[in-house]
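Numbering-wise, the working numbering comes out as the position in the sequence shown, counting from 1, plus 1.
Just so you know, these hints were derived from the structure itself, not from any lab.
A hint or two may mislead.
Said to hold, decoys possible - No farther apart than 25 Å at their CA atoms in a straight line, the calculated lysine to any residue pairs in the SDA-like style are these:
(1) 79 to 126
(2) 18 to 59
(3) 79 to 93
(4) 65 to 111
(5) 65 to 33
(6) 79 to 108
(7) 79 to 120
(8) 100 to 127
(9) 16 to 30
(10) 79 to 54
(11) 21 to 41
(12) 79 to 62
(13) 65 to 125
(14) 18 to 28
(15) 18 to 29
(16) 65 to 98
(17) 79 to 66
(18) 16 to 36
(19) 79 to 110
(20) 79 to 89
(21) 65 to 122
(22) 65 to 126
(23) 79 to 101
(24) 65 to 110
(25) 65 to 108
(26) 65 to 40
(27) 100 to 54
(28) 100 to 113
(29) 18 to 33
(30) 79 to 43
(31) 65 to 120
(32) 21 to 36
(33) 16 to 27
(34) 100 to 120
Quick caveat: nothing in here was measured; it's all calculated off a predicted structure.
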Amino acid sequence: MAIPSLGASRDKSEKRKEMKGLRFIVAMSLFCTCQAISRGLHPLILVPGNGGNQLEARLTSDYKPSSLLCNRWYPIVKDSEGWFRLWFDPSVLLPPFTKCFADRMMLYYDPDLDDFHNSPGVETRVPHF
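Given only the sequences and the hints, what does the whole structure look like? Please build it.
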């Protein structure tokens, strides 16, 4: 009689936890959907595609780079109108470009308008939306 290894029991335990979590999510989705339908509301469930979410940016003349590396020439690959992939571009994982990414992704809050806006000189769009 073979004795199961500790790793095998850990795998089963993790799978049980994952299944419990999945069951909980499905149950909550069904519950919320039923509640919304009973109140005359129609639920909207957004599921991202296989490629994940994407965000493109374009730098205008108002953009003030925080460093020489964040200058308007980075990133090099842009389309004819100056749009480039902001999220998710793997180069942002490199330490010198992480700061550039953070500066370009930052949102500013305007309390007078009670609204958010992009960093100065950064325009964003969601492609194919």
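Cross-check of the supplied hints:
Taking the CA atoms of residue 79 and residue 126, the gap is near 14 Å; set against the 25 Å cutoff, the hint holds. Under the criterion of a C-alpha separation no larger than 25 Å, the hint pairing residue 18 with residue 59 is inconsistent with the structure, at around 43 Å. For the hint linking residue 79 to residue 93, the alpha-carbon distance of about 15 Å falls within 25 Å, and the restraint holds. For the proposed pair residue 65 and residue 111, the alpha carbon gap of about 20 Å is at most 25 Å, so the pair holds.
For a cut-off of 25 Å, the pair hint linking residue 65 to residue 33 is broken: about 45 Å separates their Cα positions. This hinted pair checks out: residue 79 and residue 108 have alpha carbons roughly 22 Å apart, not beyond 25 Å. A hinted pair counts as satisfied when its Cα atoms are at most 25 Å apart, and residue 79 with residue 120 qualifies at roughly 19 Å. Proposed proximity of residue 100 and residue 127 is supported: the alpha carbons are some 22 Å apart, at most 25 Å.
Taking the CA atoms of residue 16 and residue 30, the gap is about 21 Å. The hint holds against a cut of 25 Å. Using a Cα cut-off of 25 Å, the hinted pair residue 79 and residue 54 holds, with the two alpha carbons roughly 18 Å apart. For the hint linking residue 21 to residue 41, the alpha-carbon distance of about 30 Å lies beyond 25 Å, and the restraint is violated. The straight-line distance between the Cα atoms of residue 79 and residue 62 is roughly 16 Å, inside the 25 Å bound, and the hint therefore holds.
At most 25 Å may separate the alpha-carbon atoms for a hinted pair to count; residue 65 and residue 125 meet this at roughly 16 Å. This hinted pair checks out: residue 18 and residue 28 have alpha carbons roughly 15 Å apart, not beyond 25 Å. Note on residue 18 and residue 29: the hinted pairing holds, with a Cα-Cα distance of about 16 Å set against a maximum of 25 Å. For the suggested pair residue 65 and residue 98, the alpha carbons sit about 15 Å apart, so the restraint of at most 25 Å is met.
For the given pair, residue 79 sits about 17 Å from residue 66 by alpha-carbon distance, which is consistent with the 25 Å threshold. Our distance criterion of 25 Å between C-alpha atoms is broken by residue 16 and residue 36, whose separation comes to about 30 Å. Annotation: proposed proximity of residue 79 to residue 110 is violated, straight-line Cα distance about 28 Å (limit 25 Å). This hinted pair checks out: residue 79 and residue 89 have alpha carbons roughly 14 Å apart, not beyond 25 Å.
Only pairs whose Cα atoms come within 25 Å are accepted, and residue 65 paired with residue 122 is accepted, the gap being roughly 7 Å. Pair hint residue 65 plus residue 126 holds up; C-alpha atoms about 20 Å apart against a cutoff of 25 Å. Taken as a hint, the residue 79 and residue 101 pair is honoured in the structure, with Cα atoms around 16 Å apart against an allowance of 25 Å. For the hint linking residue 65 to residue 110, the alpha-carbon distance of about 19 Å falls within 25 Å, and the restraint holds.
Proximity of residue 65 to residue 108 is assessed by CA-CA distance (about 15 Å); at most 25 Å being required, the pair is judged to hold. Proposed proximity of residue 65 and residue 40 is contradicted: the alpha carbons are some 49 Å apart, above 25 Å. For the given pair, residue 100 sits about 21 Å from residue 54 by alpha-carbon distance, which is consistent with the 25 Å threshold. Straight-line distance between C-alpha atoms of residue 100 and residue 113 comes to about 28 Å, which puts the hinted pair past the 25 Å bound.
For the proposed pair residue 18 and residue 33, the alpha carbon gap of about 22 Å is at most 25 Å, so the pair holds. With a CA separation close to 39 Å, the supplied pair residue 79 and residue 43 exceeds the 25 Å bound. Proposed proximity of residue 65 and residue 120 is supported: the alpha carbons are some 9 Å apart, at most 25 Å. Distance hint between residue 21 and residue 36 is fulfilled; the C-alpha atoms sit about 22 Å from each other, no more than 25 Å.
Taken as a hint, the residue 16 and residue 27 pair is honoured in the structure, with Cα atoms around 16 Å apart against an allowance of 25 Å. In summary, the hint linking residue 100 to residue 120 is supported, as the alpha carbons are separated by about 13 Å, within the 25 Å threshold.
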